[in-house]
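**Q** Residue-level listing of the chains:
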Amino acid sequence: MNDDKLDRIFEEAFKVEYRKEFKQELKDMLLKEYDKRKKGRFFLRISTVVAACIVLAVVAFGALKLDIMSLNVPDTSYVENEIEQFVRQQDKDSKQKAEQSSKSLEKNSVSSEEKSLQKEDILEKKQEQKPKPKQSSKMAVADNKQQAASSASAEKSEKKTEEKNNRSLKKLSQNTDENKKSSNSKTKGGIKSSKNSSTKKSVKSSSSNNSKESSQKISELNSQNSASAMTVSATEASKEAAKKQFDIVVNEPEQRGSESVFVLKEEDVKVDKEYILSVLSEIVSGDIYEKSSFRVQNIVRADVYEGYLNFEVEKSAAEISIFQFLQEKLQESVVDTVYATTELILQTFGIKDYEISVFSQQGGYRAKISLCFDGYKIFGADSYIDYSSGGNVVNGKIYLKSFSKVKSLRIMDAKSAAEEFKKRYNLKSVDPADVTIVYKKIGEVYMPVYIYIYENKIYWLEK
Amino acid sequence: MDERELVERAKKDKKYFGILYEMYFEKIYTYIYYRTFNHPITEDLTSETFMKVLKSLDKFKWKDGGSFSAWIFRIAQNVVNDYYRYKKDFVDIEKISDTSWFKNPEETLLDKIDKDIIKNALKKLTKDQQEVVILRYGANMKFHEIAKVKNKSDVAVRALFFRAMHSLKEMLLKEVHESE
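Top to bottom, those sequences are chains A and B. Heads up, the first sequence is in full-length UniProt numbering, so the first residue is 1 and it goes up one at a time. Heads up, the second sequence is in full-length UniProt numbering, so the first residue is 1 and it goes up one at a time.
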């Protein structure tokens with residue numbers, strides 16, 4: 001018996017007869033079961049989806065209710081998108097302006113006489129725009145310098161004014177187009193570049209105590225400083241325009257009964273001590289004494305501790321004698337100088353959104369600074385700079401942080417907030433105009449909160 | 001349509017499940033029969049096997065070197081093993097001879113002669129050898145498929161099978177001589 005034969009025998013032998021009916025019955029039963037299972041799976045899926053929807057609805061309802069309780073209604077992307085567009089547009093504009101300014105700067109460097117004419121022209125324009133406090137304060141920097149320079153003799157200044165007017169008229173008729181370009185095209189980029197160039201020099205002046213060298217550099221810085229003061233005021237116009245544009249964006253949701261604000265986070269401003277010293281040296285050295293050809297050596301001491309920049313300016317004895325002379329200065333112009341210098345210091349450190357109020361105090365003035373974001377004050381970040389009676393920087397404390405948006409929020413409008421204050425604190429009447437938003441640090445972020453100040457009491461509208 | 005595609009379709013469409021059933025019914029039935037030698041028990045266990053296949057079909061995944069036939073026979077093997085575990089002993093092949101239950105007496109007689117020889121020879125083999133022979137002839141499986149069912153290497157299954165066949169050949173020759 002060979003293997004093939006054995007294979008065949010086995011193949012035949014292993015054939016099993018089965019009942020055909022059983023095969024069919026089993027098949028039918030299996031197919032029925034298949035249908036049943038399929039239906040079951042379908043209903044299981046449906047019920048899973050329904051259950052998921054119910055859970056989601058409950059969660060969404062809960063979240064919505066909680067947010068309403070805490071005044072924070074999650075914002076739609078509307079405002080955020082608008083702001084993003086605005087910021088992008090601003091970046092684009094500033095780039096274009098920077099390019100234009102660099103071109104115009106090249107043109108302007110043709111002759112020093114022409115340059116001085118332009119400066120005077122801008123100063124004149126600023127004088128015309130005086131009514132606004134912020135603008136006038138900035139103008140005051142240049143104005144004060146001009147006044148100080150001319151304070152030695154009234155006749156001299158009158159002549160100079162006449163001369164200046166004549167020259168301005170002449171210049172206006174000759175170079176109207178060019179002047180427009182140059183004045184309009186001054187941008188933030190322009191400030192930075194001019195400040196950067198001066199910074200290198202001022203670092204040297206503050207670090208070395210060599211009086212000859214430093215006094216020379218101080219005078220150099222002073223001239224640069226006056227240039228930067230002009231550019232700052234030129235920037236003011238673009239800043240104002242930007243603010244207006246921004247207001248339009250933010251006011252939009254107010255019409256719908258709510259205000260759009262942000263949750264903020266803070267970050268350290270990246271400026272090192274040497275930079276701070278150099279900037280402050282530059283500013284405090286560029287005071288009015290320089291114009292009167294006095295040489296003042298200022299020493300600036302500064303340190304940064306827990307986010308605050310503390311600084312102090314020590315003046316040489318020479319200034320004390322001059323200080324007596326400056327008592328004669330008009331108080332108004334000193335206040336303007338205080339405003340302008342404070343603005344200059346803040347802007348140099350990259351702080352753009354702030355409110356300054358100047359108060360007189362014993363021996364001088366104090367410029368109280370409230371840091372803001374989109375015009376809303378940041379609570380608990382108050383800063384100040386103290387000035388002498390002559391308007392010179394004495395010391396200061398500035399909260400050196402930058403603030404950025406984390407999340408957009410829409411909170412109730414001032415009217416509703418006023419009602420809420422009445423309810424919560426049992427107040428008889430709350431004027432919505434007295435209700436303001438401030439940013440308050442809660443944990444790691446700054447949250448927008450309504451406050452109402454009445455009879456020296458602060459009422460908060462929090463969760 | 002290859003087996004893989006057929007299985008994937010069978011997961012979603014009962015028509016293709018029907019085709020799979022047709023393909024495997026006879027093989028599974030034969031395998032179970034030669035493990036039990038009892039048609040009513042075979043019918044029960046075949047039904048149970050296919051019910052398990054239906055329930056687990058969605059979970060079946062093609063792995064490297066995976067085979068649907070190996071998977072389905074492993075289910076059948078587990079069902080039969082569970083049956084014997086429940087019964088606590090291995091069924092004596094000789095005692096179960098019920099081939100007459102659905103045939104006429106004449107056929108049964110002819111059939112019984114051949115089947116009896118086979119049964120007598122099979123019962124003298126080890127359990128592993130019996131299974132390999134049943135899967136090879138009863139389910140028409142190839143060695144590599146049997147290897148997957150038995151969780152053994154291809155070479156080991158071949159060796160097991162040829163040893164079984166050598167023994168069967170000797171036993172059958174002896175049976176034939178004795179019957180003559």
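A couple of the hints might just be wrong.
Straight-line alpha carbon distances no greater than 25 Å define the calculated SDA-like cross-link-like pairs of lysine to any residue that follow [claimed, not checked]:
#1 B:K119 with A:E17
#2 A:K27 with B:K174
#3 B:K15 with A:R41
#4 B:K152 with B:R85
#5 B:K27 with A:S360
#6 A:K38 with A:T48
#7 A:K5 with B:K14
#8 A:K352 with A:V406
#9 A:K405 with A:Y354
#10 B:K59 with A:M29
#11 A:K5 with B:N78
#12 A:K377 with A:S360
#13 B:K142 with B:F162
#14 A:K36 with B:K119
#15 B:K15 with A:P432
#16 A:K27 with B:S69
#17 A:K32 with B:R85
#18 A:K36 with B:K14
#19 B:K169 with B:D58
#20 B:K12 with A:F42
#21 B:K61 with B:R85
#22 A:K32 with B:Y16
#23 B:K27 with A:A13
#24 A:K32 with B:K152
#25 B:K119 with A:K38
#26 B:K174 with A:I9
#27 A:K27 with B:K119
#28 A:K368 with A:F403
#29 A:K441 with A:S258
#30 A:K23 with B:H177
#31 B:K119 with B:I41
#32 B:K59 with A:F42
#33 B:K52 with B:G66
#34 A:K38 with B:K152
#35 B:K59 with B:E8
#36 A:K39 with B:N120
#37 B:K11 with A:Y34
Now the in silico label distances, taken between C-beta atoms and shown as ranges [unchecked claim]:
#38 A:V50 with B:K55: 24 to 32 Å
#39 A:E11 with B:E8: 28 to 36 Å
#40 B:E8 with A:R45: 32 to 40 Å
Treat the hints as calculated values from the structure; they're not laboratory data. Think of the CB as a built atom: it goes at the ideal place given N, C-alpha and C, for glycine as much as any other residue.
**Q** All hints, please: hold or fail.
**A** These are the hints, each one checked on the structure:
1. B:K119 with A:E17: Satisfied, since the Cα-Cα distance of roughly 16 Å is no more than 25 Å.
2. A:K27 with B:K174: Status violated; Cα separation ~43 Å.
3. B:K15 with A:R41: OK: B:K15 and A:R41 at ~18 Å, within 25 Å.
4. B:K152 with B:R85: Holds, at about 22 Å.
5. B:K27 with A:S360: violated (106 Å)
6. A:K38 with A:T48: Holds: A:K38 and A:T48 sit about 15 Å apart, inside 25 Å.
7. A:K5 with B:K14: Violated, at about 41 Å.
8. A:K352 with A:V406: holds (19 Å)
9. A:K405 with A:Y354: Holds, at roughly 17 Å.
10. B:K59 with A:M29: holds (21 Å)
11. A:K5 with B:N78: violated (33 Å)
12. A:K377 with A:S360: The given pair, whose Cα atoms are some 22 Å apart, holds under the 25 Å limit.
13. B:K142 with B:F162: holds (14 Å)
14. A:K36 with B:K119: violated (41 Å)
15. B:K15 with A:P432: Answer violated: B:K15 to A:P432 is near 74 Å, above 25 Å.
16. A:K27 with B:S69: It holds: about 18 Å lies between the C-alpha atoms, which stays within 25 Å.
17. A:K32 with B:R85: violated (30 Å)
18. A:K36 with B:K14: Since the Cα atoms of A:K36 and B:K14 sit roughly 11 Å apart, the hinted pair holds (cutoff 25 Å).
19. B:K169 with B:D58: violated (43 Å)
20. B:K12 with A:F42: Distance ~12 Å between B:K12 and A:F42 Cα, so the pair holds.
21. B:K61 with B:R85: violated (28 Å)
22. A:K32 with B:Y16: holds (14 Å)
23. B:K27 with A:A13: OK: B:K27 and A:A13 at ~14 Å, within 25 Å.
24. A:K32 with B:K152: With Cα atoms ~36 Å apart, A:K32 and B:K152 exceed 25 Å; violated.
25. B:K119 with A:K38: violated (43 Å)
26. B:K174 with A:I9: holds (15 Å)
27. A:K27 with B:K119: violated (30 Å)
28. A:K368 with A:F403: Measuring from Cα to Cα gives roughly 19 Å; hence the hint holds.
29. A:K441 with A:S258: holds (22 Å)
30. A:K23 with B:H177: The given pair, whose Cα atoms are some 39 Å apart, is violated under the 25 Å limit.
31. B:K119 with B:I41: holds (18 Å)
32. B:K59 with A:F42: Between B:K59 and A:F42 the Cα gap is close to 17 Å, so the pair holds against 25 Å.
33. B:K52 with B:G66: holds (19 Å)
34. A:K38 with B:K152: violated (36 Å)
35. B:K59 with B:E8: With a Cα-Cα distance of about 11 Å, the restraint between B:K59 and B:E8 holds, given a limit of 25 Å.
36. A:K39 with B:N120: This hinted pair is violated, its Cα atoms lying about 49 Å apart.
37. B:K11 with A:Y34: Given that 25 Å is the threshold and the Cα spacing comes to 10 Å, the pair holds.
38. A:V50 with B:K55: 24 to 32 Å: About 25 Å separates the Cβ atoms of A:V50 and B:K55, which means 24 to 32 Å holds.
39. A:E11 with B:E8: 28 to 36 Å: Given about 32 Å between the Cβ atoms, the range holds.
40. B:E8 with A:R45: 32 to 40 Å: violated (19 Å)
The structure fails to meet hints 2, 5, 7, 11, 14, 15, 17, 19, 21, 24, 25, 27, 30, 34, 36 and 40 from the earlier list, while all remaining hints are met.
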